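4 protein chains.
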Amino acid sequence: MDSTIKHIGVFTSGGDSPGMNAALYAITKTAEVNGINVSGFRKGYEGLIDGDLVQLKSHELQKLTQKGGTILKTARSKRFLELEGRKKALQTLNANKIDALIAIGGDGTFKGLLAFSEICDIPFVGIPGTIDNDISGTDYTLGFDSAVNTAIENIDKIRDTAESHNRVFIVEVMGRDSGYIGIHSGLMVGADAILIPESDTDFINLLDKVKNYDSEDAFLIVVSEGDEIGAEFVSSKIKEVNPNVDLRITKLGHIQRGGNPSALDRMLGIRLGVEAVKSLLQSKKNVMVGVLNNQLHLTPFNEVVKQHQVNKELHELLELFGT
Amino acid sequence: MDSTIKHIGVFTSGGDSPGMNAALYAITKTAEVNGINVSGFRKGYEGLIDGDLVQLKSHELQKLTQKGGTILKTARSKRFLELEGRKKALQTLNANKIDALIAIGGDGTFKGLLAFSEICDIPFVGIPGTIDNDISGTDYTLGFDSAVNTAIENIDKIRDTAESHNRVFIVEVMGRDSGYIGIHSGLMVGADAILIPESDTDFINLLDKVKNYDSEDAFLIVVSEGDEIGAEFVSSKIKEVNPNVDLRITKLGHIQRGGNPSALDRMLGIRLGVEAVKSLLQSKKNVMVGVLNNQLHLTPFNEVVKQHQVNKELHELLELFGT
Amino acid sequence: MDSTIKHIGVFTSGGDSPGMNAALYAITKTAEVNGINVSGFRKGYEGLIDGDLVQLKSHELQKLTQKGGTILKTARSKRFLELEGRKKALQTLNANKIDALIAIGGDGTFKGLLAFSEICDIPFVGIPGTIDNDISGTDYTLGFDSAVNTAIENIDKIRDTAESHNRVFIVEVMGRDSGYIGIHSGLMVGADAILIPESDTDFINLLDKVKNYDSEDAFLIVVSEGDEIGAEFVSSKIKEVNPNVDLRITKLGHIQRGGNPSALDRMLGIRLGVEAVKSLLQSKKNVMVGVLNNQLHLTPFNEVVKQHQVNKELHELLELFGT
Amino acid sequence: MDSTIKHIGVFTSGGDSPGMNAALYAITKTAEVNGINVSGFRKGYEGLIDGDLVQLKSHELQKLTQKGGTILKTARSKRFLELEGRKKALQTLNANKIDALIAIGGDGTFKGLLAFSEICDIPFVGIPGTIDNDISGTDYTLGFDSAVNTAIENIDKIRDTAESHNRVFIVEVMGRDSGYIGIHSGLMVGADAILIPESDTDFINLLDKVKNYDSEDAFLIVVSEGDEIGAEFVSSKIKEVNPNVDLRITKLGHIQRGGNPSALDRMLGIRLGVEAVKSLLQSKKNVMVGVLNNQLHLTPFNEVVKQHQVNKELHELLELFGT
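Chains as they are written, first to last, in the UniProt record's numbering: chain A, 1 to 323; chain B, 1 to 323; chain C, 1 to 323; chain D, 1 to 323.
Read the hints as simulated data drawn from the structure, not as lab findings.
It cannot be assumed that every hint is accurate.
Here are the simulated SDA-like pairs of lysine to any residue, each with C-alpha atoms no more than 20 angstroms apart in a straight line [what the hints assert, rightly or not]:
1) C:278 <-> C:119
2) D:87 <-> D:97
3) C:78 <-> D:166
4) B:278 <-> C:311
5) D:67 <-> A:217
6) B:312 <-> C:298
7) D:97 <-> D:81
8) B:78 <-> A:166
9) D:78 <-> C:167
10) B:63 <-> C:278
Some residues of chain C that are not near chain D, with every Cβ distance over 10 angstroms (derived) [said to hold, decoys possible]:
11) 32
12) 204
13) 254
14) 296
15) 316
On a predicted model such as this, the values are computed, not experimentally measured, just so you know.
The beta-carbon is built from N, C-alpha and C at its ideal position, and this holds for glycine as well.
The whole structure should be built from the sequences, with the hints applied where relevant.
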């Protein structure tokens, strides 16, 4: 155990995602049990630069495992991209005698820590938080499971009205670069077609199905947002071959980013939060904690990459169910 | 009691709304207890014209009070606007020995029944079903309460992410001609601004608030869809005065039309369904059943109008909370 | 307008119920607009006696319309039943220059205010908050609609497993003295039998139905808690006539008291909160604000009584659907 | 590919769990794509014995991925424990030319298949379905994630009322022999104490905490049902040391078994359903398909055991957060 750590700093950065508050609870509780104080920096790297911090107490955080978003707030920081910003952040850490730093965010957040490590030698640990589930070194990122649960609960509602009218519905879900939410939610709601950026969409097949769809049932299409696909694009393609189709579009949008975290995301937040503090106590540094093959796993920051996780099994499912 | 009624026909017409299946259950159960058969016509007036009907059994419908949409499906019918279509519908009724007809739908549905009554003299009763709650003669229409519950559950999710980023969010809810969903959902989520078609929006005041919003908190705007307002219009107005604002738009869309009916809508469906059959048994005809001032109430079809229900009290609430 | 009011005190008392926080928001916002400060006393009358108060700000409460329970906490106070306790409460009000008092609670809360009015002459206004909906002078009390929504969402889940096993299920809902939750939730889920304290249960009929239930379907009984009925009692009755019945009991319990308030309860909280402040500004005193026949309505405290609201229409529905 | 399979039989057995219908959809869709018919036997082994079967069509099942329970119904079968029952089941399979059999259920279900394999040599494949997650060879069983999501959503509600009254609450969750639901839900809601059968509860520590709990906050205990623990037992222990404690009990009960399946359970159902058919096509027999370390995995029936899955990591979390 690394007995030199007395004061851990923590912050959330990049997009918020459900489960971040559960991670903050677990970090603080684990730290307290080990006699360590925890301070939370507000608004990501901005709080490090500006010295905007609050003391965290597990007794208060305990009630917030259920709360979506992040109580520390989050932001993207242009200033931290500059050396000057990082130097100010270093001053903040020194002034507050912070011995170690835990960051919850995406791959950009961890890249920031790597850059910071050039001038700051306290240990850093990262926790992957993004609804897109597109980070290597972990099966799940904080927020993905909540986002998919929100998506399917709402697509289930859309099915009610789609079936009542025998309509074609295009539902657009999040994931500009990653179809992970798209393929999962599409499979889970029994969609008639699923379109994601990782796959060459077989439009001919899709249009053929929609063209011949007998108007005696709903036809439900789940599509990821994106430049090459997206709801409007699919809609225009369909209307080319079937101009009279009774078609509606719903874009789920930011509802997928909020809401009470799902069971999986709360547990993931707790597991990763505990492991982050334990890793620091074991003198680890510049690593991301993750759950890989259902086991806790550490990945050095410089090996963490943005990674599409639509694997062979998912591609086969897409082929089987997707059009 | 009108002992001549042996066979009631029922159908859902216009837009679907949660609670319609509860009404079908109550109609069928009440009819059965009175020795009356019930047949359901599919796809609104289309089913009347085409003779597309199924026998309804309360034992099966009992399990479907929780289900959104309408198991009879619904549609808008151009053919029924023509005399020829209505004549075919009359043939269907005669062929199936239908003694009375109950329609669940909006004001357009009831207008159709009025036109039909010129050639068909069996009694008609209507049940108001539309999420817009814009029909005179009833405090609530089937589906409004469910739609608002869906809206606020999702706006609550948006608040999580809005507060995490201190962002301005514009959430667009349904109600092209009626701000009833907009004002209700806006008040219920503690919105910073609420914009509905019934009110001259004080853009100067709103823009002033957004201009000076201190970026230390979220700013949540709920706006009804529409030509004069709508999310994009409000967004463009804001960006004129505050081009750098961190603003996001979410349009809730058709999720507001589906989903399991809320408590109020299930109860309303049951009350109105029972009352519809009772009214027929009491030889009423060409009336809409409603709940006015919490009491069951009948309104002749020719007095039912599309009506904005944003009353004086709501206007005062809008003034107090809306900007 | 009563310009003498500068500082309103507010507290929640008795059982908590969803919607209380929305009322606190509306009270505070309306007061602020009228230049009035609002202080919240914690833990009901206990806070008045002990001088335990916090200043309320609408900007903070705005985010809490969605939160169940009461942020002011609530309690039953034995000390306030004694004159000495009420004298201490008076001292608190004087010391803090409280000009008017708003209490959110049940009939017991309002009786307390009546007693208090003998020694304290500032104006009191009450807001009815209880999930049991058993207070005269209002169609709805804060929390009832949320409780019923929670009940039916969970009974819907039970239906899934009941139908999978063709089991008899007895679900016990809250309402020791009042079957209002019982009859509503029973009707809304399509129960096979509904048993409430207000009605002589026709056990012979019920037992006959269960005895002959063909084990090809679920049989769902919704029963209010209580001495004369309750789940165990009904279970023992059934087992007398059908010892081999595959029967399960679930008591929903306190989940019915919590959770995010429903749309109706949030709106009710806002309407009643605004009206409470307005009433004070119009020099009203010792009245409860309610919504009667969908209109705002004032009832003098001494006319507010605990009242069963299972009316003639509900009794008829019970007879039709309840066994 | 095993081209000899033309007709697969499928059934659900033991306790129902959310996700079973998604599995039925995936089985049927995968079979259809491979030119195979699927028949569903109703009520588990009872349907095999009685020849009670229906043809399954993916087009219909597609809409039911969202539905809890099992549309095939389920049961425990005493008759199948006897050789005579199994002989009748064999006759049914022969009469209907069933080439392969897929069973969704728990370890008892798979034991039944092993016994059946002595007289029936068509291939069997099993899919693990039980909310208790206590089967070896898979990280997750169908239904566990849904059950935990239902548990935490409702415990969150209880927190609202517990905090409003500063009460001690004991919430009992399912898992008579397995504390897997208990430890997960307890951690996820930030419980003050978690008691499960796998762990010697440190009652001295717990009682010390409750004894000194300062009545300025809620105290939330999550406990698994069971003989040695359970809500009443814990309650009596607490009242011994603190007779005046303001304590309430809620037993979540069968609501944990029903409800729309969570995202994870729908996906698990789809993955396992597809893999079950693929395994048959690859001439596998007498194996259970599971997801182990996030990969599809086959376990021979005779190696499948009922297994507590509270591993070292969970025990450490329990020690850290549980009392």
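Now for the hints, and whether the structure bears them out:
1. C:278 <-> C:119: It is violated: about 24 angstroms lies between the C-alpha atoms, which goes past 20 angstroms.
2. D:87 <-> D:97: Distance of about 15 angstroms is within 20 angstroms: holds.
3. C:78 <-> D:166: With a Cα-Cα distance of about 17 angstroms, the restraint between residue 78 of chain C and residue 166 of chain D holds, given a limit of 20 angstroms.
4. B:278 <-> C:311: At roughly 18 angstroms apart (the allowed maximum being 20 angstroms), residue 311 of chain C and residue 278 of chain B satisfy the hint.
5. D:67 <-> A:217: 18 angstroms, holds
6. B:312 <-> C:298: This hinted pair holds, its Cα atoms lying about 18 angstroms apart.
7. D:97 <-> D:81: 23 angstroms, violated
8. B:78 <-> A:166: OK: residue 78 of chain B and residue 166 of chain A at ~17 angstroms, within 20 angstroms.
9. D:78 <-> C:167: 17 angstroms, holds
10. B:63 <-> C:278: Between residue 63 of chain B and residue 278 of chain C the Cα gap is close to 45 angstroms, so the pair fails against 20 angstroms, i.e. violated.
11. 32: 24 angstroms, holds
12. 204: Holds: least Cβ distance 28 angstroms, greater than 10 angstroms.
13. 254: 5 angstroms, violated
14. 296: 26 angstroms, holds
15. 316: About 30 angstroms separates residue 316 of chain C from the closest Cβ of chain D, which puts it past 10 angstroms; holds.
When each numbered hint is compared with the structure, violations occur for hints 1, 7, 10, 13.
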